[in-house]
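Those protein sequence lines, which keep their order, are chains A and B.
The opening residue of the first sequence carries number 927 in this note's numbering; numbering runs sequentially from there.
The opening residue of the second sequence carries number 927 in this note's numbering; numbering runs sequentially from there.
Treat each hint with caution, since some may be false.
[Said to hold, decoys possible] The calculated label-pair distances, taken between Cβ atoms and stated as ranges, are: (1) 1238/A <-> 1076/B: 42 to 48 Å; (2) 993/A <-> 1352/B: 54 to 60 Å; (3) 1054/A <-> 1440/B: 42 to 48 Å.
[Claimed, not checked] With a straight-line cut-off of 20 Å between C-alpha atoms, the simulated PhoX-like cross-links for lysine-lysine are: (4) 1360/B <-> 1059/A; (5) 1414/B <-> 1261/B; (6) 1065/B <-> 1138/A; (7) 1456/B <-> 1466/B; (8) 1178/A <-> 1466/B; (9) 1178/A <-> 1316/B; (10) 1191/B <-> 1218/B; (11) 1178/B <-> 1135/A; (12) 1065/B <-> 1065/A; (13) 1065/B <-> 1316/A.
Derived by calculation from the structure, the hints in this document are not laboratory data.
Just so you know, even glycine gets a beta-carbon here, dropped at the ideal spot from N, CA and C.
Number of protein chains: 2
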Amino acid sequence: MSKDTPSQRASDWLARFEHALSATDMTAAQMLFMPDCYWRDLVAFTWNIKTQEGRDAIAHMLAWQVPNVKPSNFRLRGEATEADGIVDAWFDFETAVARGLGHVRLRASERGADQAWTLLTTMVELKGFEERKGDNRAKGAEHGVHPGRNTWLERRREEEAALGHTEQPYTLIIGGGQGGIMLAARLRRLGVPTIVIERNERPGDSWRKRYKSLCLHDPVWYDHLPYLPFPDDWPVFSPKDKIADWLEAYTKVMEINYWGSTVAKKAEFDESRGEWAVTVERSGKEIVLRPKQLVFALGVSGYPNVPQIPGAGSFLGEQHHSSRHPGPEGYRGKKAVVLGSNNSAHDICAALWENGADVTMVQRSSTHIATSDSLMELALSGLYSEQAVKNGIDHHKADLIFASVPYRIMHTFHIPVYEQMKKRDADLYGRLEKAGFLLDFGDDGSGLFMKYLRRGSGYYIDVGASELVANGSVRLKSGVNIERINPKSVTLSDGTELEADLLVYATGYGSMNQFLADLVSPEVADRVGKVWGLGSATTKDPGPWEGELRNMWKPTRQPQLWIHGGNLHQSRHYSQFLSLQLKARYEGLPTPVYGQAEVHHRH
Amino acid sequence: MSKDTPSQRASDWLARFEHALSATDMTAAQMLFMPDCYWRDLVAFTWNIKTQEGRDAIAHMLAWQVPNVKPSNFRLRGEATEADGIVDAWFDFETAVARGLGHVRLRASERGADQAWTLLTTMVELKGFEERKGDNRAKGAEHGVHPGRNTWLERRREEEAALGHTEQPYTLIIGGGQGGIMLAARLRRLGVPTIVIERNERPGDSWRKRYKSLCLHDPVWYDHLPYLPFPDDWPVFSPKDKIADWLEAYTKVMEINYWGSTVAKKAEFDESRGEWAVTVERSGKEIVLRPKQLVFALGVSGYPNVPQIPGAGSFLGEQHHSSRHPGPEGYRGKKAVVLGSNNSAHDICAALWENGADVTMVQRSSTHIATSDSLMELALSGLYSEQAVKNGIDHHKADLIFASVPYRIMHTFHIPVYEQMKKRDADLYGRLEKAGFLLDFGDDGSGLFMKYLRRGSGYYIDVGASELVANGSVRLKSGVNIERINPKSVTLSDGTELEADLLVYATGYGSMNQFLADLVSPEVADRVGKVWGLGSATTKDPGPWEGELRNMWKPTRQPQLWIHGGNLHQSRHYSQFLSLQLKARYEGLPTPVYGQAEVHHRH
């Protein structure tokens, strides 16, 4: 074994790596990786979000990209560390057009030479197009005398009056939820003229309008927006109206051009002009916007899924999708049937029960349950917790560590966590099963986050409702569906009839592609293909393996069309890479995309 | 000389100091200080803001306070440093009721023993009444089931509906500018029920309504609000409307109970109930609030000063105080006379000239000019700059270093800075004097900040207007006053007649006491006495020496009445100490005030 320090080993590896790249010696470069190796690149080398798996894939990418990318100046950042035979190191590097930050995990080979197991390369900023911050921030006051000068407010108002009318935005973001807002904040910093349009009136309304007991299920350390972290007394789980107010304040102070009460009606790509024509209705008035780049930030799901159940029209009670559920107040003493068993179903059942309704959950298929406390302690605390922050892992660093684990092997990191969780919460799981609840931990036991990545559904983060199901307070019918709806009841597939005054469809959302099909065209939706999922060939995530989330934050097969979204963590982290891709195009830099994925699943 | 490291020396001194205090051996304690020594205490030892000057004063304070304060557990924080024979050290300590942070400058005496030259002790938090942050933050979601639970939004609405109506605030803050907002944010964190009332409709309006070219004259590093630092692209000098939007967003996300469009009409202290009765008019409706504590946060100045000049009523043009100046747009081609030569006068003259008015400044007496760049580089950069942040001095640390310099000797730190400035800007100063401008650097040459502390006026931070005065673009009449106003002109005391379409009184503001006299009573205004000023016996700062800013952020002679304000830096830093004083009283802790100042200058 080497007697060098971890930092020496990492520096040596980086030097050899840089040498191989600058000599365009792909064989040498390849041999710096273990046979079982992964190189995940976020835009820096590939102008794509792409994981190269194995030496051949790495060599192929390098052969294509190195001549243009011209990587150089690899320097260790901080000290490398070693644990369990793996050296962990951070490094800075440059390309012809950008500065980057990377992470590598090294192992000594049998011959004693250090080889990379995982490599992460990320683009941080474009040279000459850096954000104006710190030393380079704007001065604000223009000292000296400037006859006819405009104030900040006048310039803001002029911009607001011109953009979308006499001047066109370079980027149009459809959807002004957290994802759209974060991307717009980054584009604002980068000086890319952008408009965000949002159906609701005010930023945050997409949270405000949801059921009243809703709180974020992810803890505060995971949820920071770019540039403006929450203050240190922010609650662990943000109540929905509080995060809504934060989003509204953020939109204002970040000077985002945000068009509330605006709906996109139609989008067409004008091939000859290389731009979009997007018809929007703003407060009742039609306007055609002509952005070069169109970003869908409508969440990764599509329209609410409302199953067509015979007899629905005859129902005399109230029925609505979970997204339209007004909260529990009106249903004291009423009989409620909630169809579904994921997050919204559980939250709504619990709130209805707390407010004195008689509630039955209808569980159609198995669900993964992870208690919030266990998730925090077992799955998240190493990266996103007060303790992590004290250990020097703030969310910036945590995001990169998270990104450094290739999707191909991510489940192997998660399975042991959920094995622990099964033991820790054995009592609850046992009682849930006894109550008839159909439990699962994912096809391979890898739990919640893998389910989220693969299919975006199939779980409940337990903040209390599971106890109600386990102890029978919320009645449960599992392994059944609603077969027909009667005026005052529903009939289940096992023949049971449940009286019902309220019927909530907590049945999730359709595919994002539906928005594309409706707003642009079915052809474009087909061209782009399936959104989200890794291609793991597990339930609801059909193969082939893609190795990244399909179509997210990277070029799609429809030129100048992008998809942005995900949870707060993803929206924060990946908006960095999407914003850099857009900025590069705005500035006319060459952006040759390497290894764009094939489309296997049409609209 | 000692061979010990600075940290060893500081630790030794702290150990000896703690020993002397715990033995209540005041003679020993006294001898740990140089003959020429200062102990500045911010609430921790004195429940006051108070500088003890010299050994006797220190011994006297200790004799009175140590038995109650019970100081203990003094520990060096970080490493001490040494430069120019002075050891600089930070330390933590405790008292019976609080945790504190201190700073000491030590010198070796002739005999080689280390003695304190300056000592700063500050209260950080009250034991058992800490802010809920970090590990102790609220959870937000109450996991588990809680029938009838209220959401965050419902609780906020209930609070807003109750406070001031069915429940009384413990603290009422009159004035919702930056000072009131920052204090309210701290009290919110400490759980002290508080209402802020503000004449204007929205937070930030007191900035929005000022002349449109206004930007903060202090740089961003100096201006952070508590808990939520500006993002790193915030402009160096905030435009007024941008800082206004920030204050509004801050008020919202900090959940401050902010009553806009509300005017205080009358305040009476009810001795028998030990509370105030404050009549306010909120959106036209009278309400009587009954707070225990009343805070004036109306700025440290009073009403606009408008001189009574014969003939003012006959003027056919427009005349107004600088605080009512609408901006320069309407005055193209008009003849403007601006009376005054401080910040507002210069800003208004420059903006009028830029917009094509013919402008004359009437300078009555000498003014200090410091260019913004020189101030930043020579006076502020060590503590408040991007470089300082890189050196590990963020605004938290900078505030404490700033506070560690006793007012008695502060001018000696400043005089050399302004000597440098005279050289650096000799060209500008020479041309200004040639143009007839009456320049000064304060009575003792200590420049801008000392003028601010002593009298709160008498200077202009040059962001460009001085050049206009120097080159004659803005005409200047100096050493004169306006003796009479005619229908279309003004007559100066030297007999000159100036044609005038516009007359701006940039003549500053009266005394804060006027608000007290009007709102409470002349007797209470007299009891409280002069606000602001150190008692330096320099121009407009009559003695006797007080050693702290009079009546600011500390108990006044009127029980349960407090005065808060100052620039953004002071409002940020001293709101910490005022909020802790209020919290202690709210919780019923004993707060024996040591060394309350005599009142020498009545209303």
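Okay, the hints, checked on the actual structure:
no. : hint                          : in the structure
1   : 1238/A <-> 1076/B: 42 to 48 Å : violated, 34 Å
2   : 993/A <-> 1352/B: 54 to 60 Å  : holds, 57 Å
3   : 1054/A <-> 1440/B: 42 to 48 Å : violated, 56 Å
4   : 1360/B <-> 1059/A             : violated, 40 Å
5   : 1414/B <-> 1261/B             : holds, 10 Å
6   : 1065/B <-> 1138/A             : holds, 17 Å
7   : 1456/B <-> 1466/B             : holds, 12 Å
8   : 1178/A <-> 1466/B             : violated, 42 Å
9   : 1178/A <-> 1316/B             : violated, 29 Å
10  : 1191/B <-> 1218/B             : holds, 17 Å
11  : 1178/B <-> 1135/A             : holds, 19 Å
12  : 1065/B <-> 1065/A             : violated, 39 Å
13  : 1065/B <-> 1316/A             : holds, 19 Å
The earlier numbered hints that this structure contradicts are 1, 3, 4, 8, 9 and 12.
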